Amino acid sequence: RHGVLARRSSDTIWRLRELGIENEVTLHDGDLTDLSSMVRAMDATKADEVYNLGAQSFVGSSWDQPLLTVKVDGLGALNVLEAVRVVNPQAHFYQASTSEMFGLIQADLQDEKTPFYPRSPYGCAKLMAHWLTVNYRESFNIHASSGILFNHESPLRGIEFVTRKVSDAVARIKLGMQSELPLGNIDAKRDWGFAGDYVEAMWLMMQQDKADDYVVATGVTTTVREMCDIAFRHVGLKMDDHVVIDPKFF
1 RHGVLARRSS DTIWRLRELG IENEVTLHDG DLTDLSSMVR AMDATKADEV YNLGAQSFVG
61 SSWDQPLLTV KVDGLGALNV LEAVRVVNPQ AHFYQASTSE MFGLIQADLQ DEKTPFYPRS
121 PYGCAKLMAH WLTVNYRESF NIHASSGILF NHESPLRGIE FVTRKVSDAV ARIKLGMQSE
181 LPLGNIDAKR DWGFAGDYVE AMWLMMQQDK ADDYVVATGV TTTVREMCDI AFRHVGLKMD
241 DHVVIDPKFF
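Residue numbering for the sequence shown follows the working numbering, beginning at 1 and increasing consecutively.
Please keep in mind that the hints were generated in silico from the structure rather than gathered at the bench.
It should be emphasised that the depicted structure is a prediction, and the values quoted were computed from it without experimental measurement.
Heads up, a few of these hints could be off.
What the hints assert, rightly or not - List of simulated lysine-lysine pairs, BS3-like, C-alpha gap at most 25 Å:
(1) 174 - 238
(2) 238 - 248
(3) 189 - 113
(4) 238 - 165
(5) 238 - 189
(6) 210 - 113
(7) 165 - 189
(8) 210 - 46
(9) 165 - 248
(10) 248 - 189
Let the sequences and hints guide you as you build the complete structure.
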């Protein structure tokens with residue numbers, strides 16, 4: 001197993017340590033925004049399966065850093081596709097697309113034929129990468145698939161995402177380390193699934209004889225309010241005693 005690590009990054013391998021596989025992954029210097037390093041990584045690893053999971057993945061930050069988001073999420077995917085095409089066009093390529101590409105939804109239930117309408121720089125950048133993946137599949141006959149994944153969560157999720165923001169705050173409140181949990185629109189709805197299941201789906205896409213695009217979701221919608229209620233009740237507290245609505249998070 002191999003991975004690419006940008007040296008400008010902060011500690012990004014703590015998840016490997018948490019999973020107990022840090023010593024099973026060989027890390028290579030590289031950056032999605034640098035084509036030459038992607039080519040070198042492909043050549044060094046002799047990879048026959050390539051998973052492009054790298055991104056500026058926080059929707060909120062994409063408004064503050066739209067150019068960076070497009071460079072990493074859009075052009076970065078193009079660099080990896082080019083590296084695959086140049087070094088080993090027989091390799092199977094996975095692009096981490098996102099339900100954020102649907103944005104202003106055009107149907108109650110989204111599937112592979114639902115029109116896209118991204119509503120953030122992040123969604124736009126990911127849509128660019130998605131269509132480039134389709135283009136390389138059709139133009140160069142590369143086994144390139146996109147997984148259009150809805151929210152997938154686990155204890156390894158970044159603290160800036162709402163599920164971890166809530167679980168972390170609930171634990172701190174229970175321990176007396178803080179008293180309030182500021183949130184925005186708690187009636188927002190999300191389809192949350194378990195990241196482990198979704199990674200298995202990624203792998204299964206790569207094992208298919210023919211590449212394609214797949215929507216991966218649970219089909220179950222939950223509000224942030226319901227999620228908060230479950231989290232607080234789990235530790236014997238009431239969410240109404242601690243959740244504070246702050247418009248800046250809307």
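Each hint, compared with the structure:
1. Taking the CA atoms of residue 174 and residue 238, the gap is near 11 Å; set against the 25 Å cutoff, the hint holds.
2. Pair hint residue 238 plus residue 248 holds up; C-alpha atoms about 23 Å apart against a cutoff of 25 Å.
3. In summary, the hint linking residue 189 to residue 113 is supported, as the alpha carbons are separated by about 22 Å, within the 25 Å threshold.
4. Simply put, residue 238 and residue 165 have alpha-carbon atoms about 17 Å apart, close enough for the 25 Å limit, and the pair holds.
5. Distance check on the hinted pair: residue 238 and residue 189 sit about 20 Å apart at the alpha-carbon level, within 25 Å; holds.
6. In summary, the hint linking residue 210 to residue 113 is supported, as the alpha carbons are separated by about 18 Å, within the 25 Å threshold.
7. A hinted pair counts as satisfied when its Cα atoms are at most 25 Å apart, and residue 165 with residue 189 qualifies at roughly 16 Å.
8. Restraint check: the Cα-Cα separation between residue 210 and residue 46 comes to about 21 Å, which is no more than 25 Å; the hinted pair holds.
9. Distance check on the hinted pair: residue 165 and residue 248 sit about 15 Å apart at the alpha-carbon level, within 25 Å; holds.
10. Among the hinted pairs, residue 248 with residue 189 is consistent with the structure: their alpha-carbon atoms are about 18 Å apart, no more than 25 Å.
Consistency note: the structure conflicts with none of the earlier hints.
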